[in-house]
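Enquirer: Sequence:
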Amino acid sequence: TLCPPNTYNELSGQSECQPCLDTLMVAPAGSENATDCKCSIGSWAPWRQTGVCQDLGGAAPPVAGVCCEACDETRVICNELDQIVPKPISVGAMVDPETGGVLRCIPIEACLKLESVTDVLDMKCNTGYTDKACKRCLDGYFRNIGDCDKCPDSSILFLVPLLLLVVTPILLMMSGAERATGSINVLINYIQTVGIVRYYKVDWSEKLKVLFDWFALANFDWFLLSPECWLDIKFPHRIWIQWILVLAIFALIASWFSYYAARFYAERQVYWDRAISAFFLFLNLVYFNVTVTSLQYFACIELNGENVLRLDPSITCNFRVTEDGQYPPKDPDVHRDLMPIGYISLIVFPVGIFVFFVKTLFANRAVIRDGPMLRQGIKMLEDAEINDDMFEDMERLQDLDNKW
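For the sequence shown, the numbering used here assigns the number 517 to the last residue and increments by one with no breaks.
Since the hints were derived computationally from the structure, they do not count as laboratory data.
We put the CB at the ideal spot given by N, CA and C, even for glycine.
Treat the hints with care, since some could be wrong.
What the hints assert, rightly or not - Simulated restraints, written as ranges between beta carbons of each label pair:
1) 310 / 203: 57 to 63 angstroms
2) 356 / 303: 32 to 38 angstroms
3) 322 / 344: 20 to 26 angstroms
4) 386 / 414: 44 to 50 angstroms
5) 364 / 228: 23 to 29 angstroms
6) 303 / 183: 34 to 40 angstroms
7) 118 / 209: 16 to 22 angstroms
8) 231 / 272: 41 to 47 angstroms
9) 386 / 203: 58 to 64 angstroms
10) 183 / 252: 36 to 42 angstroms
11) 468 / 275: 28 to 34 angstroms
12) 357 / 203: 38 to 44 angstroms
To be verified - In silico PhoX-like pairs for lysine-lysine, Cα to Cα no more than 25 angstroms straight-line:
13) 245 / 320
14) 237 / 263
15) 347 / 322
16) 320 / 151
17) 263 / 320
18) 263 / 245
19) 226 / 347
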């Protein structure tokens, strides 16, 4: 007689049929070999396992071989007989082909809902991503607010010196403006607001993303120029790239002041005030970007058993110590190496600039309080006919108005 389902008989004339090695295995009636037993749908056969099956349905002792493991239907899909690895149930998760465990992916769209076992074994990722849990960017891609975007053409690098040379005179001209201060601040606030909108994970259209990126570039988000594409650096190195930007603008403004102060020595105080005002405008413009960059260095999360950067999961955060007082393994060690400048940036930019502006406002509180009255008085004088004796008083009022 034939062996019933889920059993087999390898020897002709053998009176008893042997059960499959695992209760999760199935075999058709009349099976004649242990290899006819397959892991049932809803389970999987670990392709690297070499242990023994502990539950043999009454057979003893345990028999060496591949055992089946039940699939968690809320997290993975096992819809094939003898499936050697589970499949992810949704976008945003990857099945570890070594262990069958489910890994969380950041960003979610980095990991696809893979339909084939081959793709799971190959750890197939969305375009631009690679590695386990799709945590790294492929060569030719760079991190842009957590996403892996394709590196732009190298011609974009010409924007760096161009923007530096264009922005500096604009800041100096704006510093001498007497009536446009309010409009300038509105423009700066608008640019910074658009920069904030970019960080919301919404299904923006590609054209809108490009528009946001250009606004971010106007907000001095230099990282859109993809420095990782052209230099041997990683995401955490952005912490010192922002210092280069700030110091470059400072050097250009200082050079402008030195030139005019030497040429017009008697009016050097005027040029000093304009230089300071221009640098204030610059700090106001870049405050959001340098603050975000400084905070991003410390924005670490627990992901798949590791402490990693939120916007670049390929970077291990190494500013915490383990229970035995040791730092985690240095793989990679770039985060720990840049830790000193990270702390300095945190003090100087998010905290320092804010305190500096508050101190400046407090020092000029009288001018700020009387500003509306000064402007009303100037308007009345402008509408009236003034003589030479009143002209000097008019200039003083205008100077106070400019400070306001």
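Enquirer: For every hint, state whether the structure bears it out.
Expert: Each hint tested on the structure:
no. : hint                          : verdict
1   : 310 / 203: 57 to 63 angstroms : 27 angstroms, violated
2   : 356 / 303: 32 to 38 angstroms : 26 angstroms, violated
3   : 322 / 344: 20 to 26 angstroms : 24 angstroms, holds
4   : 386 / 414: 44 to 50 angstroms : 46 angstroms, holds
5   : 364 / 228: 23 to 29 angstroms : 56 angstroms, violated
6   : 303 / 183: 34 to 40 angstroms : 56 angstroms, violated
7   : 118 / 209: 16 to 22 angstroms : 33 angstroms, violated
8   : 231 / 272: 41 to 47 angstroms : 43 angstroms, holds
9   : 386 / 203: 58 to 64 angstroms : 60 angstroms, holds
10  : 183 / 252: 36 to 42 angstroms : 39 angstroms, holds
11  : 468 / 275: 28 to 34 angstroms : 33 angstroms, holds
12  : 357 / 203: 38 to 44 angstroms : 42 angstroms, holds
13  : 245 / 320                     : 30 angstroms, violated
14  : 237 / 263                     : 18 angstroms, holds
15  : 347 / 322                     : 23 angstroms, holds
16  : 320 / 151                     : 51 angstroms, violated
17  : 263 / 320                     : 15 angstroms, holds
18  : 263 / 245                     : 20 angstroms, holds
19  : 226 / 347                     : 29 angstroms, violated
When each numbered hint is compared with the structure, violations occur for hints 1, 2, 5, 6, 7, 13, 16, 19.
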